Amino acid sequence: MSEDSVVSSEHGMFGVGGTGDTSGFGGLQRLAVPVLESQRPFGGDFDEVVDALEEAYPQFGDAIERVVVDRGELTLHIVPAKIAEVCQVMRDDMALRYELLSSVSGVDYLGTDERRLHVAYQLTSMTYRRRIRLECAVTAQDPHLPSVTNIYPTADWQERETYDMFGIIFDGHPNLTRILMPDDWEGHPQRKDYPLGGVPVEYKGAEIPPPDQRRTYR
Amino acid sequence: MGLEEKLPGGVLLTTVQGLVNWTRKASFWPATFGLACCAIEMMATGAARYDTGRFGMEVFRASPRQADLMIVAGRVSQKMAPVLRQIYDQMPEPKWVLSMGVCASSGGMFNNYAIVQGVDHIVPVDMYLPGCPPRPEMLLDAILKLHDKIMHQPLGAKGEKMLAEKEARQGKPVVAPGAMPSSYFYNKKLRAEWEQAVAEGREEQLRISKWMERRTHA
Amino acid sequence: MSYAPERETTEGRVFTVTGGDWADVVGAHDPVHDERIVVNMGPQHPSTHGVLRLVLELEGETVTDCRLVVGYLHTGIEKNLEYRNWTQGSTFVTRMDYLAPIFNETGYSLAVEKLLGIVEQIPDRATTIRVMMMELNRISSHLVWLATTGMELGALSMMIYGFREREFILDIFEMITGLRMNMAYVRPGGVAQDVPAEAIKKIKEFLGFMPKRLNEYEDLLSGQPIWLARTKGVAVLDVTGCLALGITGPVLRSAGLGWDLRKTMPYCGYETYQFDVPTSDDADVWGRYQVRLNEMRESLKIIQQCLDRLRPGAIMVEDKKIAWPAQLAMGVDGLGNSLEHIAKIMGQSMESLIHHFKLVTEGFRVPAGQVYVQIEAPRGELGVHAVSDGGTRPYRVHYREPSFVNLQAIPAMAEGGLLADVIAGGASLDPVMGGCDR
Chain A
1 MSEDSVVSSE
11 HGMFGVGGTG
21 DTSGFGGLQR
31 LAVPVLESQR
41 PFGGDFDEVV
51 DALEEAYPQF
61 GDAIERVVVD
71 RGELTLHIVP
81 AKIAEVCQVM
91 RDDMALRYEL
101 LSSVSGVDYL
111 GTDERRLHVA
121 YQLTSMTYRR
131 RIRLECAVTA
141 QDPHLPSVTN
151 IYPTADWQER
161 ETYDMFGIIF
171 DGHPNLTRIL
181 MPDDWEGHPQ
191 RKDYPLGGVP
201 VEYKGAEIPP
211 PDQRRTYR
Chain B
1 MGLEEKLPGG
11 VLLTTVQGLV
21 NWTRKASFWP
31 ATFGLACCAI
41 EMMATGAARY
51 DTGRFGMEVF
61 RASPRQADLM
71 IVAGRVSQKM
81 APVLRQIYDQ
91 MPEPKWVLSM
101 GVCASSGGMF
111 NNYAIVQGVD
121 HIVPVDMYLP
131 GCPPRPEMLL
141 DAILKLHDKI
151 MHQPLGAKGE
161 KMLAEKEARQ
171 GKPVVAPGAM
181 PSSYFYNKKL
191 RAEWEQAVAE
201 GREEQLRISK
211 WMERRTHA
Chain C
1 MSYAPERETT
11 EGRVFTVTGG
21 DWADVVGAHD
31 PVHDERIVVN
41 MGPQHPSTHG
51 VLRLVLELEG
61 ETVTDCRLVV
71 GYLHTGIEKN
81 LEYRNWTQGS
91 TFVTRMDYLA
101 PIFNETGYSL
111 AVEKLLGIVE
121 QIPDRATTIR
131 VMMMELNRIS
141 SHLVWLATTG
151 MELGALSMMI
161 YGFREREFIL
171 DIFEMITGLR
181 MNMAYVRPGG
191 VAQDVPAEAI
201 KKIKEFLGFM
211 PKRLNEYEDL
221 LSGQPIWLAR
231 TKGVAVLDVT
241 GCLALGITGP
251 VLRSAGLGWD
261 LRKTMPYCGY
271 ETYQFDVPTS
281 DDADVWGRYQ
291 VRLNEMRESL
301 KIIQQCLDRL
311 RPGAIMVEDK
321 KIAWPAQLAM
331 GVDGLGNSLE
341 HIAKIMGQSM
351 ESLIHHFKLV
361 TEGFRVPAGQ
371 VYVQIEAPRG
381 ELGVHAVSDG
391 GTRPYRVHYR
401 EPSFVNLQAI
411 PAMAEGGLLA
421 DVIAGGASLD
431 PVMGGCDR
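Residue numbers (my numbering), protein chains in the order written: chain A, 1 to 218; chain B, 1 to 218; chain C, 1 to 438.
All clues stand as given, with none of them false.
For the chain C half of the interface with chain A, some residues (derived, Cβ under 8 Å), not all of them:
(1) K114
(2) Q374
(3) H385
Read the hints as simulated data drawn from the structure, not as lab findings. Here the structure is a predicted model, which is why all the values come from computation and not from measurement. Heads up, the beta-carbon is just placed ideally off N, CA and C, and yes, glycines get one too.
Construct the entire structure; sequences and hints are all you get.
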């Protein structure tokens, strides 16, 4: 692993200094995640799926940024503004029929990607027993993309969770509020620049200092 | 005084403090405060095999107004913390708190933004119970230790004064109330051994050597 | 608006919890001229299966509006995973859905193995043990469902029986893994330790008496008028509703669609086992009860087949760059490894000791990329989205928890029904808040 691929590194949550950090927290290095792109033929029935989408969706060329086939999984990187349209086609076209939106989740590629916040949609076709992943990337300054709740109502809570944890704003969502954290929480905890711990306790009258000040394993 | 000799047979004399404390410990009503994994073990403790009904606490009260023991069973999140305190405030005096499992006691392995690092930041805790999750036997042990603690609790300001005087006269008891494992406490021979060991400062060695004698393992 | 405003009383400072639309809902309400009642249920409530909070609007006994507030058990496990190495991840994920720890671990291990590209190298014995443990876990999870749902619907004895049989399964788990719950037994590359012979004996005993016990449960509940009245036609959700809301697992199967990932997208060699997928056309609480009872029977069949095909062999991948030593034993003082095992590690060679040390403290590297793996947990599709940056720790792991997704169905089931049926409907989803909030 070359040194220049290290994007960031964190040290000693427990105040462990020098070498020999066995706390497991210190020395956390994040590496640059390589950008993949696959060319035809994709293999398996992936060509069939991409062809079907190309046929059913005329703006295919504008909407799809790149296609990745990795570890037997197909990922389509979609232009954020087009995600709802693509999902509509994915659900309704007879050759695609992705009836179930299994999961919506965020990933923060801080330091690797200009548009660091990614949203991954895992779609399942119960008819053809296929899976596909759609991925959108937005910037932290303008984290907007259309909501897919009109197409897949199940996205409701999952988009709320993604908003809560990553601060990605889904335009058109009926009730985009925090879901897991308290209503008046500040910040989006699962972003990479948010600290793991050491957050003062929300409850008034009790103050919990950050762990590195509270106990040390020196 | 000689009053005892004039009593008919079958009458037992005790102090008011002893009587009151006995009634308190003998019908301990816990509030249902299950949070996470520990709650399942707490339910298992209440069910047929471990049967907390033997100790007068088979009724888990749904309303905090009717409960005098709060078993905080599981990780307390920042969002739950104010709720927990509110429920504690609703419980009538006298009340006790048993912090079940490492998450409730210290945050445990979840040293992060979401979990309060120990429920003692929010409510006073009378008994800490380690384990992840603690076995039902361990919960029973903690409850029995708490019983012991309650039995030695001074009643009112006068009681506290009397206790202070007694301690000034005789010194503190060798084993602090609630510090002895219940399996030793309720066996006369073992109890003497434990007291001896505490006086010599080797109670942990005693525990380990007894454990090795049993050789339940391979 | 602050989340918990405080005020001073004679007894000290008192906090009042707000949030989750409560103020808006109550504020729009005129208590004098309105028949409408707003009820807050939870997060501390005996029949919400954990710290779930419901804000209910009622017209008399009828629920007109139902809002859910979750997150009271949000533990930040996904973030914590990013700070620990890949093997330590098992220990974290097992605590998500605490009634189905083996499923969390297996899902995670399958994802890591897929990222590593060692899916083909997992020994048969390890896979068979995983399947056996998963099915035992499915039964224990369904038993807790039956026990708690029975309790909530007024059949208190069911709780005692459900927990009694579950204790037996936990004894088996303890024999195999050393722990009753949260075992971190399934690890990337295989399982932590081999199944001892006594455990096999105990499983056989379990297979012997369990079918009879399942019949007893049916005798106890199925014909009982109260049970029928509280389950039949209650909290109906049809296939269309289920698919739109992303509901999977027994709830979807109770609506008539036999979608079970063990059959439709097999993993761990489930395609080689003989079993049926129980379904029902009722789409109500009764249907879900029937499906879960029959699923336990099918799980027993699978466990029997696992026992038949359990052959001696490795339980961890060959590759020593990944495999943790899997012969962990307990020392005489009840702590750590046995002296023989330590002597063996220390006595082999300096290189292997260093290798062992590096593997345990630093962990193995996982090639960069992302995968999504799904398995059929007791509550539905459990999906693991794992991303690696090529380092020794996960870059991001997201769990698609069936409890979280399924809970969205409560408003659809409850609105228009009676207040008491909210409990039945919610219980029939079998939500586990630890899984929901993670």
